[in-house]
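**Student:** Read off the chains here:
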Amino acid sequence: MAIAIELKKLSKIFEQGSKEQFQAVDSIDLSINAGEVFGFLGPNGAGKTTILKLICGLITQTQGTIKLNGFDIMTDRHNAMRQIGVVLEGGRNIYWQLSTLENLLYYGRLKGFSGPELHNRATMLLHDLELWDCRYELVGDFSRGTQQKVAIACALVANPPIVLFDEPTLGLDVQAARTVKKWIAKLAREEGKTIILTTHQLDIAEQLCDFVGIMNKGKLIALKPVNELLNLCSHTSYQIKLQGPLNEAQTDLFSGFTINQHDDETILSGTLLNSHELYGLIEKIKANGLALLSASKVNNNLEEVFVLLMNQN
Amino acid sequence: MKTEIIPTITSHKTAFLVILNEIRKGLLVTWHYKFNVISELITLGIYFLGTALLMNYGSTNLEEFGPSLIGYIVWVYSSYILKVSLILTLEGRSGTLEQMYMSPVHPALIFIGASISTIVSSTMMISAMSVIIMYLCSIHIPLQLAAIPILFIILVGLIGFGLCIAGMALLYKNVAGLIDLIDNILFYLSGSMLPIEQLPVWIQKIAHTLPTAEGIIVLRAVLFESKSLTMLIADGQLFSLLMNSGLYFIGGLLLFMYCEKIAKKRGKLGQY
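As given, the protein sequences belong to chains A and B, one line each in that order. So for the first sequence, my numbering puts the first residue at 878; every next one is plus one. So for the second sequence, my numbering puts the first residue at 19; every next one is plus one.
It cannot be assumed that every hint is accurate.
[As the list claims (entries may be wrong)] Derived EDC-like pairs (lysine to aspartate or glutamate); straight-line CA-CA distance at most 20 Å:
| no. | chain 1 | residue 1 | chain 2 | residue 2 |
| --- | --- | --- | --- | --- |
| 1 | B | Lys283 | A | Asp903 |
| 2 | A | Lys1096 | A | Asp903 |
| 3 | B | Lys283 | A | Glu1068 |
| 4 | A | Lys1161 | A | Asp1129 |
| 5 | B | Lys283 | A | Asp953 |
| 6 | B | Lys279 | A | Asp1129 |
It is worth saying that the hints were derived from the structure and are not from the lab. In this text the structure is predicted, and so the values were computed from the model without any measurement.
Assemble the whole structure, with the sequences as input and the hints as a guide.
**Tutor:** This is the structure in structure tokens:
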């Protein structure tokens, strides 16, 4: 699979005053394959937005290289910039005094597109993003969600193979956030675009990303497919279902477990160190004449993994 | 996989498209604020008339103010081109500046496109204002074709000067005070309203280093002394103007590129 984005030993140090320095990005090596959705996660100040701006060429790196579809952003800026479309925070980065169509045409030409090719692409996006009816209306009059859709259309109008999103659903209502998520998924799955997004909303990363890079203090502390990340601590959590309610004496057998009664079922949730402990627990259930319905590992969500990794770091 | 690598197109074609694009956008935005444009037009007219009346001790006999109107027109151009830097800071606040920086062409070209757009829209305003003032004050300005290349050279220098200020705007963000200062220097100290020879000698020395003074002198010579381009070449005036504008343009471009480099190094492009 072709590499769409390649970062090698990428570092950024900001000078603060005459002597102080702040390392925002610390020697990051990363390759993202074409067609993948990659998410940068991390607390505030972790370096997510800095790395996104480095990739966009808005900040100059202190060390290292950035290649977009093989084009180095420092030595072949002209071609590198034509590989990316970027949606930065919310309804920013579009012209509120221009109409939807004027914005699309402006951004298309800014990337060097013109003529029927640009108009056809703009028309297609206006239809796809349900903006056709408001194509002549000024963007400043729109809701935040609609402005975000216009910003996405503008980022896509030159049909770039790589699209970067900075907090794509921040500040959007549920409906607008759902539309944006649906679109990001569509771009990756149907159009084969390479997507990088930064987000604080871990459920979004979980739903959309193939790979996730967790950043802290400028470093990548974890870089794995989402499934592998979720498995990082799933071995510790189990859910055991028993038939019928438990009496008081039986409840004491399962100290350390959370016990929930549901109709004719009892659900035990808790952590076990290894499979031997699980077998021991099953023996205990059998010895006490309880009927075991199921025993399963619990898949943690990304939030739990994130907290675990942050604590370890 | 449907993703395709975008075919490479030549830089100069993209550059041309991007400049045209900037001109188009500038005109659309100006049209969006058309009410404001009309107000500005009236303000400019009043400002000229007020200054002319003051210089003439209140007498309404203003037919002799043709040379002042020419100086004033050059000042209006300079004032508008300088304000492109303010637009740049507004673009920074709205987030569109960062998008401009992700264009395949160098941002200096985008700034030049924005300046040309301002020149186009301000030419329309200046033409309307001049016609009204000339009619109201019975001012006669003999039209000479040689004035067009002279005005072009002046505007090239002014774009360079605008690039200097735009570069500083990238680094220091709020340059409104600096623009006001320069605006006033160019209005009062570079012979816009008065012939430069009537200013004190030390001011004349400063004036000759400014981006408008040489241009105003040459433009007046062409329009009111009927000097041809050949005559301007012979007496060295055209050379002085070319040097002045050329230095401002090249200096402005270099300073803009330097400031941009520092802004990107400090991560200040999108910070306001």
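**Student:** Does each hint fit the structure? Answer for all of them.
**Tutor:** Right, here's what the structure says about each hint:
1. B:Lys283 <-> A:Asp903: holds, 16 Å
2. A:Lys1096 <-> A:Asp903: holds, 5 Å
3. B:Lys283 <-> A:Glu1068: violated, 35 Å
4. A:Lys1161 <-> A:Asp1129: Holds. A:Lys1161 to A:Asp1129 sits at ~12 Å (cutoff 20 Å).
5. B:Lys283 <-> A:Asp953: holds, 18 Å
6. B:Lys279 <-> A:Asp1129: Distance ~69 Å between B:Lys279 and A:Asp1129 Cα, so the pair is violated.
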